[in-house]
Structure formats: C-alpha cells, structure tokens
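If you want the building blocks of each chain, they are given just below.
Protein chains: 2
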Amino acid sequence: VSASVMVSIQQLKECGFMALSRVGVPENHIEMTLDVLVTADLQGILTHGTRRLIPYIMRLRSNLINPDPRLALHHLAPSTCLVDGDNGLGPVVGMTGLNEALRIAKKMGVAFVGCRKSNHFGAGAPYALKACRHNMLCIGGTNAPANMVPWGGKDPILGNNPIFIGVPRRGKPHFILDIAMSTAARSKMRTAAERGERIPEGWALDPSGRPTTDPIQGLKGLVLPIGGHKGYGLALAVDILAGVLTGSGFGTGVPSLFRQWEKPQQTGHFFICLNPEFFMINEEFAERLELLLEEIKSSTPIDPEHPILVPGEIEAKNISQSESKGIPFDPDIWKALSGLSQGNYDIEVSKL
Amino acid sequence: VSASVMVSIQQLKECGFMALSRVGVPENHIEMTLDVLVTADLQGILTHGTRRLIPYIMRLRSNLINPDPRLALHHLAPSTCLVDGDNGLGPVVGMTGLNEALRIAKKMGVAFVGCRKSNHFGAGAPYALKACRHNMLCIGGTNAPANMVPWGGKDPILGNNPIFIGVPRRGKPHFILDIAMSTAARSKMRTAAERGERIPEGWALDPSGRPTTDPIQGLKGLVLPIGGHKGYGLALAVDILAGVLTGSGFGTGVPSLFRQWEKPQQTGHFFICLNPEFFMINEEFAERLELLLEEIKSSTPIDPEHPILVPGEIEAKNISQSESKGIPFDPDIWKALSGLSQGNYDIEVSKL
Numbered sequence: 001v002s003a004s005v006m007v008s009i010q011q012l013k014e015c016g017f018m019a020l021s022r023v024g025v026p027e028n029h030i031e032m033t034l035d036v037l038v039t040a041d042l043q044g045i046l047t048h049g050t051r052r053l054i055p056y057i058m059r060l061r062s063n064l065i066n067p068d069p070r071l072a073l074h075h076l077a078p079s080t081c082l083v084d085g086d087n088g089l090g091p092v093v094g095m096t097g098l099n100e101a102l103r104i105a106k107k108m109g110v111a112f113v114g115c116r117k118s119n120h121f122g123a124g125a126p127y128a129l130k131a132c133r134h135n136m137l138c139i140g141g142t143n144a145p146a147n148m149v150p151w152g153g154k155d156p157i158l159g160n161n162p163i164f165i166g167v168p169r170r171g172k173p174h175f176i177l178d179i180a181m182s183t184a185a186r187s188k189m190r191t192a193a194e195r196g197e198r199i200p201e202g203w204a205l206d207p208s209g210r211p212t213t214d215p216i217q218g219l220k221g222l223v224l225p226i227g228g229h230k231g232y233g234l235a236l237a238v239d240i241l242a243g244v245l246t247g248s249g250f251g252t253g254v255p256s257l258f259r260q261w262e263k264p265q266q267t268g269h270f271f272i273c274l275n276p277e278f279f280m281i282n283e284e285f286a287e288r289l290e291l292l293l294e295e296i297k298s299s300t301p302i303d304p305e306h307p308i309l310v311p312g313e314i315e316a317k318n319i320s321q322s323e324s325k326g327i328p329f330d331p332d333i334w335k336a337l338s339g340l341s342q343g344n345y346d347i348e349v350s351k352l
Numbered sequence: 001v002s003a004s005v006m007v008s009i010q011q012l013k014e015c016g017f018m019a020l021s022r023v024g025v026p027e028n029h030i031e032m033t034l035d036v037l038v039t040a041d042l043q044g045i046l047t048h049g050t051r052r053l054i055p056y057i058m059r060l061r062s063n064l065i066n067p068d069p070r071l072a073l074h075h076l077a078p079s080t081c082l083v084d085g086d087n088g089l090g091p092v093v094g095m096t097g098l099n100e101a102l103r104i105a106k107k108m109g110v111a112f113v114g115c116r117k118s119n120h121f122g123a124g125a126p127y128a129l130k131a132c133r134h135n136m137l138c139i140g141g142t143n144a145p146a147n148m149v150p151w152g153g154k155d156p157i158l159g160n161n162p163i164f165i166g167v168p169r170r171g172k173p174h175f176i177l178d179i180a181m182s183t184a185a186r187s188k189m190r191t192a193a194e195r196g197e198r199i200p201e202g203w204a205l206d207p208s209g210r211p212t213t214d215p216i217q218g219l220k221g222l223v224l225p226i227g228g229h230k231g232y233g234l235a236l237a238v239d240i241l242a243g244v245l246t247g248s249g250f251g252t253g254v255p256s257l258f259r260q261w262e263k264p265q266q267t268g269h270f271f272i273c274l275n276p277e278f279f280m281i282n283e284e285f286a287e288r289l290e291l292l293l294e295e296i297k298s299s300t301p302i303d304p305e306h307p308i309l310v311p312g313e314i315e316a317k318n319i320s321q322s323e324s325k326g327i328p329f330d331p332d333i334w335k336a337l338s339g340l341s342q343g344n345y346d347i348e349v350s351k352l
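Line order of the protein sequences matches chains A and B.
For the first sequence, the working numbering assigns the number 1 to the initial residue and increments by one for each residue that follows.
For the second sequence, the working numbering assigns the number 1 to the initial residue and increments by one for each residue that follows.
What the hints contain is simulated information worked out from the structure, not anything from laboratory work.
Please note that a few of the clues may not be correct.
Since the list gives no way to pick out one identical chain from another, each pair is judged satisfied if it fits inside one copy or across any two copies.
Listed next, the in silico DSS-like pairs over lysine-lysine satisfying Cα-Cα at most 27 angstroms (straight line) [to be verified]:
hint, residue 1, residue 2
1, K317, K154
2, K297, K263
3, K263, K130
4, K297, K154
5, K317, K263
6, K107, K154
7, K172, K335
8, K154, K263
9, K13, K297
10, K130, K13
11, K297, K220
12, K172, K188
13, K154, K188
Build out the structure end to end from the sequences listed, making use of the hints.
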C-alpha cells in the first residue's frame, strides 16, 4: 500500500471539469456533478467522492450514461414532482430533484419528488447538507445494485438502499444522517480480513447462507441488513419509493456501476423536503433542537475518551479540515483521474 | 403461567366501550380508540392492543389524559398540518392526524402532519393499514419514553421511537412495516432469561455500559439501537420530527405510560402520506410492486421450511385468524379489563 497523495479542492475541481468536458457534459451539469462529489470528499465520504468520476466517465464513454440529457419535470399534483432524468449523470438528476423539492416545500410546507432514469448519484450526505443550508429538513433515499439478502433469504435481491436525513441547526454542524441499510460495508470486512480479525455476528452470511464471523467467508457470501427484518423492511420500502413508484429499476433491475456494462443503471431516488417554519417560528425550533442534542451530548459516554456524537459532527469537522489540507487519494486513483482530464482512457475500472 | 382466555372481537369492543364510557370519553373518541387498539390485537400486536386500555384509563382517572379534548388543526401551509391533541387519548390524536394527512395527500399529492400534546397512541401498524385501505403510502413515527442509549453512551435519553410504513397492494396483504429502533424488545430478553438462553451480541449493554449476551444483565442494563449508530441516528431523527418540530416532549421529556404518574406524556407523532396515483396509474404501480415482491418471495430461503416473508404478511394472516378465533388474553389482564368496564379500578398497573 503506497501513501496517499493530497489533492487540493481547486486541483480536484479543475481535474473534474476537464475530464467531464472532454466527454461532452455541459458546463452547468459539470457544476452540479462536482458540487455533489467534491462535497462528499470534503465530508470525508471518500468512497463516494470525485473518484466515482472514473466509472461515471467510463459509462459515459460506453453510452451507458447520457452526457447531455433533457431532464423533464412532471407536476401531477401541487406538492409532488416526478423528474425524468433522461439517463443523465446521477448527481445532475438527483440535484434537480432536490432543488425542485426545496422549491415546492418552501411554499407548500412539504414536497415529495421522485427521480427516474437516473444513475449512481454519489452519497446522500451532500444532498442532506444542501437542504439544511436552505433551512429545510430532508428525508431521502436511493436504490442501488442488489447486494443484500432479504431477511431469511440467501439471494442478493436488494441494494443496501441508503436513507439520508438532514435537519438544519443554527451555528452548529447540521444534523446529517446518511446510512446504508446493510450492517457494514464490504470494505470493513476487507479491512478485518487483512488484519486477521473476526467480524461481529450479524454482519454477513457465508456462501451457503449460514451466519459467519469470518470476514473471508463473509466477503464470499452476502451482507445482512441492520436489525435483521427491520433493515430488510426499510431497504425494501426505499426500493418501493425510489424504484417502483418512480418508474425506475428495482430489485435486481439496477445494474452495478462497476461490474455491469450492458445497460444503464435505471437508478431511482426520492426526496421529501419539509419547511420547519410552518410548524413553529424558526428560533423556537432551533432552541428546542439544541436542547435535545445538548441532552444527548452531555449524557454519560461509555468511554470518557470518546464523547457521544450527533450525526453530522464528523462530516462538519472533515469539511473544515479538508478545505485547508486537501483530499487524500490513493496514487493509482489520482493518476487515473488526472489521466481522464487529459483524455487517457486506458483504465481498468474494476481495479480502482 | 395460566392458560390464555380467548375473547371475541365483539366482547372486546363492548368491554372497551363500557370502560371508556365510564370515564367520560365521548362516543366518537371511543370508536377511534378501539379502532386502533382492536386492529393491533387483530394484527397480532397484542402488547399494543386493547390491554393498553388499562394504563390509558388509569391515566384518565388520574387527570393525566383529557377524556374530552378539543382537538385543533392548524394549517400554516397548503400541504402540512399541526394537530394539537389537547392531551387527549393517543389513538384519538393519532387517527385525527392520519385522517388529515390522507385528506391533504389525496389532493396535494403528499402531506406532512405533526401531532402535539398527545399520549401513547398504540402501535403504528393500524395507522399504516388504514392508509393502505385508502390506497395511500404512509411513513410515520412517534416518540416514546426514553429507554435507549445514544450510540457510545450509557444513559437512556432516547425512546425506541418506532417508524411505520404502509404501501397498498392489490389483492395481497398490504405492505406494513412497524419497527422500533431498538434491536430487540425487553420482552424478548425476558423470554431468553426464563429459558436460560444467551442473547445475541448487539442487543443490550449491562448496567456498567459493557456489551452483554446475558439477558439478566441486559434487563438490568439498556437496549441498543439497530445497526449501532444507524438506529441511533434514526431514533434521533424520529424524535426531532415527532417531538421537537411538533412542540411535544422529546428526549427524556416523555414520561412512561406505566411508571410515571406526575404529568401527561406529551407524546408527539408524525404522518407523511403520499398518493401514488400522481406518479403513475394505479394499475402500473400495483403491477410493478408485485414484480418486486414476487422476486423477493421466489428467491432462495436459507431454510426451505421458512419461506421469505414480506412485511405485512404475518399481520394479514393474524387478522383473518383472530377474526374467527378471537384474541388471547392473560386471565389477569382480561379480569382487569372486564373490571374496568364494571367500574372496578382496584388495579396495580405495574403488574399488568
């Protein structure tokens, strides 16, 4: 393992801009895409940051993503909207959906926007953060390629279908929750395997469908949903809202970003935005929220060295650190990204 | 342990009607309350069924619940509503909120209704079922007395704050998910303790805040959220939406239904209803939904004897069975309930 290279935000944006320009993405869509991906990098969600430009651009070049989509917004009711993404880049479709949900909720109090014909849209946290910056609450979700078993099953039918929630705070890090419905990412099992450690019960099944605490067997097998039937039910509900209801792919009908190169991903997303000022004056909401979060922060930690965290604190700390220090990249990934900005497409995506 | 007595739905409703009449609850509120509680019994959620009338009525008699509340509906935006429950029975406040969310969503596409000054409102599943019977999707939540630790903490600051989701199906059991954000109910730990069994990792902390697989230590200690920080974040989000935003109690500010007799519960709920017909024609939604659920049902089970279930199947089976067989009651609980219908209030709630 080689040491990381640190890349400044400016470098990253320039690199991303050139790389996306070369494959025919218009300037406003480049801005939307980089806004989502760079924000994820800043928040410390590196797996879902600008490095995802590599598969995005390879899919653009394979005609699996439309570089210059005509997005259509269908308003069939006053407080809902269906965004047809025309197979555009996921962050373009997703941000269009969120922006529309923010616009509707500002006036109507609440909005539900579904997005169809989209692709991998990055992490949920940048969308939640944007809603908070508009002083809106946000609940959203996206479906994802099937890699998780239904509870009691051993076939991967469901994605880890993340849910993200944002709640605006005043003068404190916004509440940002962005969670996959699987117990643990496969990357955590890989780390445990490298270190020769066991994984906790409840993380994974081995290939024959038996619970395992062996990370190598878990990696060959399948990840489990959080809370057993509970996370299974939540992941299924996200697939219904993001996939079934919007007219997107669902179940096993959402191809992998990295491994399936036959057809577009057909990913679906949904955004519920809620304007708190229609419930109480903003000052009162802010004060009550801080009372709750203060009660939590000041409660007794198990380990005094590890104070209790509120969702969003780590992301906010990462943002302020990475703005000055830059973003760490695996040298091979940075080389590939820089290459894309120069028109070098000799890349094996599955290795990155 | 004595055998259960079977009570018919008719008996149950008559008993509940008389018991609530005696303490001054008006007829329309009795109907709303029994609708929620009897439906929970029918669904097999016995812990949250008509037996909850015992603490409800004892709280009504202690002036902790208002038998004849004036509910107020505040519409500050076209698609939201804040219901002030005037400290009425939880099911009355909750059903008023759901009905308003259904009414708004029918026209506006989506609705968010918050309820304040409420009390324990029963289970979430009866509300989800009602939304489905109106061909609406529903996402809801309620806060609850604090019994769960924030992730990394050892003080009980959060309730298990359930989330419930309903999705209507055609000619099949409606999709009904009703899940607390704790890994397992304390009742499951009690069962394990009685049988001398261990509990899985991740269910509970012992009184000193260490993970335990000993159910006796777990019962003395605290329940953990599903998926660690994930369930913690979801429970906190429910408390923000149901408690903070509505003007209800939150954090440790929601007294226990059974153990705290100083002040009203100040419980809060929220309901998001969504009209699927503003996204695609109902037939298409129904067909796509069945394709997804069929893919799940026909996938390989770990144990061929245990087919994979979709949320709501067990509840639907329970409903058809209990409609003919009646509802099983612990004899002491049925005696207490029958007593309440005759005006016998010599009851120790904590024992039931």
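Hint check results:
no.: 1; hint: K317 / K154; verdict: between (39 angstroms within a copy, 24 angstroms between copies)
no.: 2; hint: K297 / K263; verdict: between (47 angstroms within a copy, 26 angstroms between copies)
no.: 3; hint: K263 / K130; verdict: neither (31 angstroms within a copy, 40 angstroms between copies)
no.: 4; hint: K297 / K154; verdict: between (40 angstroms within a copy, 12 angstroms between copies)
no.: 5; hint: K317 / K263; verdict: neither (39 angstroms within a copy, 40 angstroms between copies)
no.: 6; hint: K107 / K154; verdict: neither (46 angstroms within a copy, 42 angstroms between copies)
no.: 7; hint: K172 / K335; verdict: neither (37 angstroms within a copy, 53 angstroms between copies)
no.: 8; hint: K154 / K263; verdict: within (25 angstroms within a copy, 49 angstroms between copies)
no.: 9; hint: K13 / K297; verdict: neither (36 angstroms within a copy, 46 angstroms between copies)
no.: 10; hint: K130 / K13; verdict: within (18 angstroms within a copy, 50 angstroms between copies)
no.: 11; hint: K297 / K220; verdict: between (39 angstroms within a copy, 23 angstroms between copies)
no.: 12; hint: K172 / K188; verdict: neither (30 angstroms within a copy, 39 angstroms between copies)
no.: 13; hint: K154 / K188; verdict: both (21 angstroms within a copy, 25 angstroms between copies)
Checked against the numbered hints above, the structure violates hints 3, 5, 6, 7, 9, 12; every other hint is satisfied.
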